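Undergrad: Sequence:
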Amino acid sequence: MTVTRRPGPLEVHVSGEGAGVIPEDETNLVCRGLLDGLGTLDGLYIECENRIPLGRGLGSSAATVCAGLVAGNALGRLRWSPDEMLARASAIEGHADNAAACMEGGLVAVAPGPRAIRIATPEDLLFVAVIPTAQTSTEAARRALPQVVPHADAAYTISRAIGLSLALERGELEGIGDFLGDRLHEPYRGPMIPGLDLIRECVDGKGCLGATISGSGPTVLVWSRVAGSSDLARSIEATLAAAGHDVRAKVLRIAPGGVRARWTDTPPTALAKAPG
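Count the sequence shown with the numbering used here and you get residues 10 to 285, in order.
Hints listed in this document are in silico derivations from the structure and should not be mistaken for laboratory results.
Check each hint, because a few of them may be wrong.
What the hints assert, rightly or not - Below, computed lysine to aspartate or glutamate pairings styled on EDC-like, alpha-carbon distance capped at 20 Å:
id : residue 1 : residue 2
1  : Lys259    : Glu148
2  : Lys259    : Asp206
3  : Lys259    : Glu58
Values in this document were obtained by computation on a predicted structure and should not be read as measured data.
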């Protein structure tokens, strides 16, 4: 995202993912973050080059909000703390899960506050994102969840979340697939995910470690070792295409850092490249 100050009213230009669909006015989510810092959008020219697919459970809205907040913080010279920016992002998003990862980068757990707790990233871990062409309604995915879940299902999922965090912190990828089990949302959303069962058939516990739904879906994150990840992505695409599922599989490395801002000329004229 690039923000330039010049005389005149607000202008927003969107290219890449969502171009022609995402609003190019003050209702764009990036403006929500900017308004938090500046109080006015007059005099801003905003260019957004979007690389995150929309409506796929990949956190595109959180990335937009966080980029706007970081830009507003810099342009307004506000010196917000990381926790304060995360709280603001959470207030806009409704939760801190995606915003915490966007602000911090790497792997994070969300603690009360909200506060992002960084988890060590194993060097040999990356993800293959299996992204369907079609979007899934976030509202439909939320409605699929029951209001009450069995105590045993909650205990099952919590125990695996704790084990997963410890395994990641220790860099122990062997057997990490045992900690990816979930009974709180995947049993209910799984039927809405194209090719989920076929993707899980690719898991071998060696190069392909496991598969989980990304956010509320329909993207699936395949946990993979670095070696062979490109071949794994091509194999998954071919397997799902043969079954009639239109997807793209993209190898994603874990970002070492979160969203940042930098000036391209003498402040406070312009702010550029706040990656989200």
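Undergrad: Under the constraints set out in the numbered hints, which ones does this structure not fulfil?
TA: 1
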